[in-house]
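Following the hints, complete the assembly by docking chain B onto the known chain A.
Residue numbers (my numbering), protein chains in the order written: chain A, 1 to 307; chain B, 1 to 610.
Computed cross-link-like contacts, DSS-like style, restricted to lysine-lysine with a CA-CA straight-line distance of at most 30 Å:
id	chain 1	residue 1	chain 2	residue 2
1	B	K101	B	K331
2	B	K408	A	K136
3	A	K206	B	K408
4	A	K306	B	K408
5	A	K206	A	K131
6	B	K70	A	K29
7	B	K462	B	K419
8	B	K331	A	K285
9	A	K206	B	K419
10	A	K58	B	K70
11	B	K70	A	K90
12	A	K90	A	K124
13	A	K35	A	K285
14	A	K35	B	K408
15	B	K73	A	K58
16	B	K74	A	K58
17	B	K331	A	K177
18	A	K136	A	K29
19	A	K136	A	K124
20	B	K408	A	K285
21	A	K35	B	K70
22	B	K223	B	K251
23	A	K177	B	K408
24	A	K113	A	K90
25	A	K131	B	K408
26	B	K73	A	K29
27	A	K131	A	K224
28	B	K290	B	K331
29	A	K285	A	K131
30	A	K29	B	K408
31	A	K224	B	K18
32	A	K29	B	K331
Residues on chain A that point at chain B, a partial pick, calculated with CB under 8 Å:
id	residue
33	R21
34	K50
35	L73
36	V269
37	G271
38	A275
Calculated directly from the structure, the hints in this document are not laboratory data. Glycine included, C-beta positions come from ideal geometry on N, C-alpha and C.
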Amino acid sequence: MSSATKEISRDEVALYDRQIRLWGMEAQKRLGQSKVKIHGIKAVTLELSKNLVLAGIKSLYLIDNTAINEEDLETQYYFNENDLGQPRDKVLADRLRVLNPLVNIEAGDVDDKCDAVVSVGSNKESVEVNKRCRDKGECFVAADSFGLFGYIFVDCLDTHEYVEEVRVEGDAGETRKESFVASYIELQESVRARPEISNLNRLVRKYPPLVFISQALSTGASCKDEGELTALVEKTLTGRGIPEGIVGEELMQRVASSLGTEFVPCAAVVGGTLAQEILKIITRKDMPINNWYVYDALQADGIVCKL
Amino acid sequence: MRNTSQLARLFGANTVEKISHARVLVVGAGGIGCELLKDLSMSGYRHIHAIDLDTIDLSNLNRQFLFQRKHIKKPKALVAISAITQFNPQINAQATQANIKDPQFTADWFGHFDMVFNALDNLEARRHVNAMCLATGVPLIESGTAGYLGQVTVICGGRTECFDCHPKPAEKKTYPVCTIRSTPTAPIHCVVWAKNYLFAQLFGQAEAEADEINDGDDAEELKVLREEAQALARLTEAMGTDDFARLVFEKAFCTDIERLLSMKDMWAQRRPPKPLDFSELELKSPCADKFDPTSLPDYEPLTIEQAFSLFAYSCQQLASRRAGEVLHFDKDDIDALYFVAATASLRSFAFGIDQRSIFAVKAMAGNIIPAIATTNAMIAGMMVLQSILVLSNRISECRTAYLTYGSKRTRTITKETLKPPSPLCPVCRRRYLTMRIADFGKTTLGDVIEFVQLLEGQRDLKLGREISIVEGSRILYDPDYDDNLTRTLESLGLVSGRMLTLASEDDVVVPVVLSICGSREDGTESIVIEGFERIPEFAPLPEKTPSDGNNETDDQAVIVVVDEPSIDLASREQDKRKLNTQDVDPTTGESRKRCAVDWGSSDKDITILD
Chain A
1 MSSATKEISR
11 DEVALYDRQI
21 RLWGMEAQKR
31 LGQSKVKIHG
41 IKAVTLELSK
51 NLVLAGIKSL
61 YLIDNTAINE
71 EDLETQYYFN
81 ENDLGQPRDK
91 VLADRLRVLN
101 PLVNIEAGDV
111 DDKCDAVVSV
121 GSNKESVEVN
131 KRCRDKGECF
141 VAADSFGLFG
151 YIFVDCLDTH
161 EYVEEVRVEG
171 DAGETRKESF
181 VASYIELQES
191 VRARPEISNL
201 NRLVRKYPPL
211 VFISQALSTG
221 ASCKDEGELT
231 ALVEKTLTGR
241 GIPEGIVGEE
251 LMQRVASSLG
261 TEFVPCAAVV
271 GGTLAQEILK
281 IITRKDMPIN
291 NWYVYDALQA
301 DGIVCKL
Chain B
1 MRNTSQLARL
11 FGANTVEKIS
21 HARVLVVGAG
31 GIGCELLKDL
41 SMSGYRHIHA
51 IDLDTIDLSN
61 LNRQFLFQRK
71 HIKKPKALVA
81 ISAITQFNPQ
91 INAQATQANI
101 KDPQFTADWF
111 GHFDMVFNAL
121 DNLEARRHVN
131 AMCLATGVPL
141 IESGTAGYLG
151 QVTVICGGRT
161 ECFDCHPKPA
171 EKKTYPVCTI
181 RSTPTAPIHC
191 VVWAKNYLFA
201 QLFGQAEAEA
211 DEINDGDDAE
221 ELKVLREEAQ
231 ALARLTEAMG
241 TDDFARLVFE
251 KAFCTDIERL
261 LSMKDMWAQR
271 RPPKPLDFSE
281 LELKSPCADK
291 FDPTSLPDYE
301 PLTIEQAFSL
311 FAYSCQQLAS
321 RRAGEVLHFD
331 KDDIDALYFV
341 AATASLRSFA
351 FGIDQRSIFA
361 VKAMAGNIIP
371 AIATTNAMIA
381 GMMVLQSILV
391 LSNRISECRT
401 AYLTYGSKRT
411 RTITKETLKP
421 PSPLCPVCRR
431 RYLTMRIADF
441 GKTTLGDVIE
451 FVQLLEGQRD
461 LKLGREISIV
471 EGSRILYDPD
481 YDDNLTRTLE
491 SLGLVSGRML
501 TLASEDDVVV
511 PVVLSICGSR
521 EDGTESIVIE
531 GFERIPEFAP
541 LPEKTPSDGN
551 NETDDQAVIV
561 VVDEPSIDLA
571 SREQDKRKLN
581 TQDVDPTTGE
591 SRKRCAVDWG
601 SSDKDITILD
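Just chain A, with the same shape it has in the complex:
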């Protein structure tokens, strides 16, 4: 871990005061030198970007030149009628700049090595993007928020060093910093992983069924209704020793009815969690989710598991 050297100006300290008091000056310095790249612009991308720009990363690259359509206007609060037909990444980059003029925000891909690369939505290229990240030594995150659900997958490579405050025994509230190492696997490996447990009840206790749906959706096949979703999930589960019926019909129905929709408050929860994990990756303070997070808004469930 190289130590950050660049000093922060007094003005920046005044701006970032309330967060420096939470994660410390060293973490803020690291943020000020960090680069994040996001493939795919959806409601959760906007929430993630907003949080990262406010936190004060150095550079944000947005990649999605899809033309803005009517549906986008339902969830993208920085877009308006005049933007219809314009590329999403360019318009969003323009609008986000007012949030924090200290952050460099650009539309389009770059070769620079990033601290984290995020693939948003059912992106067919996620597995490939993850592989390229591994080659370059970049952390990879896949995430989505659709309807009343969301998920996050994190790959911080084979060794991710981080620091955590540990409570000192016996002393009230006193902590000291300790270093740890965590190991992650790539998306393709995770969606093929065989859980060590085969008993259905114990399996459900350890893995929220929503994670298997998320695995199916994260690798990019699109599906429109419950039938297609069920088939996709079954295909993802094949050959992994996971008993049929791990995903109940009720959950499958609820997820299916959320497909193809976005809901800003749900994206805010997933995008908030996602931004927090990326800040952990950058600052190397506390362990990023290892390796799945699933969110069910109606149940108020935000669950982390390793698969």
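Using the frame of chain A, we list chain B on its own:
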């Protein structure tokens, strides 16, 4: 034009219709408020009213994303509403810059909303909104955040627990006066001494200190400490002279410490302090007029020479200002902060206590609560979903949810089902009615009592003949105190927006709370009491047991740390929760039983006063 087709697919056209007609009030347009207003404007809500007393500050901009640098010093509510109206021009949004506790916000005013969202940072205002929502039967979505932690809950009067169903920890930390003045052991003790004693005595109101000391067991020591404070206050006469800084220094860091040292018993078990030497430090430090405080490190502890120079500099600055005004400590007043940081540092050197940076002292003296965008965004998102469940009559699906933090967590959110009201709650276990008064200058308290007793004949209030009437903590009437009977409501300050509590003398029935409002436009009656249809059926009050009282108070003399913004409840809730993680069902995340509440403090130096 924002379409709502995706909302309709998720919640149904009927619910979207209800959302679009709901009138909602957002109390607080700060950290949670900005996120909440954004979410509401994108979730089909169209009638949104935001209220906030504050103006925008630079340190808000890292999370209150509806604000930019050009908005600094402008009212939060107005700028926030203007921003979300740009997000969605269809919404009909209003902003008010005011304190929600002002009497202009009467029960009538609260009553015209369909839902209230609390996005506040202090217990007092949250309590007030809770009571107003109970009085008007309006559902309340309650929230709080602190750092990475946060919570959301839903309050529906009579059906669920209210904000006050469980006692809240005191917001103000207090310290035993002897710890602060004689035997400090931690950096915070030095900061409290510098801010609440030294700064207040020299530059603030001299009598302030006397109010903060209660007589305790050690009356002798307190008497000496009081004399010591008076001697310090006399130094203010030297203010403006070249000698001022030296006199203060010698008093605070030599004379007083030498007196403490003379008390041998005090140091039998403690490390004794060392007096500091003014002349020696003066030789080693640059002159006050050549000293530049901005050259000091903000994030590292000061050296003793740096602390000395900063002390001399800030003394001079404050003395020149004190000539014209009484100063109150403000963490954003740089001279005041320098003075507190310097003197806390010098005291730490004298007592062998760890040093803290100016940056850290600012947080301690100003009680700054860390705050980030992500936590607020998550909490606000969860609040909106809960509000939609309430509007679509799915209250049984609502949850109290807590954000957790930590590497080992398997849940980022823990949750509980909503609980029924506590049978002992002093706030929601009340019969809330509205009392309309035509002429506050004519109607007397006696008229009100007479009217209530006449009403007993028609409505079975069961208050009996012997009642007591209180407003806040003020007793207005009881059978042994009838001085106010002939006074008008106006002369008693009982105007619209106030609440009267009527209790039966024998304590067997649930008290009645009257929210005072003006007459309706077509009203001719001098007094009207209405809202009986809202009152739930209450069982008689359980008999009081002696253990119900608060047993946290202590006779120890304390310095009350005043002027502190409140600590949010979330962190404490979370601490509680951490200790009880074994009670959370790993598969459902539901709490198996309500956590045992320990409101006592773990730090024995801190006394919590009610």
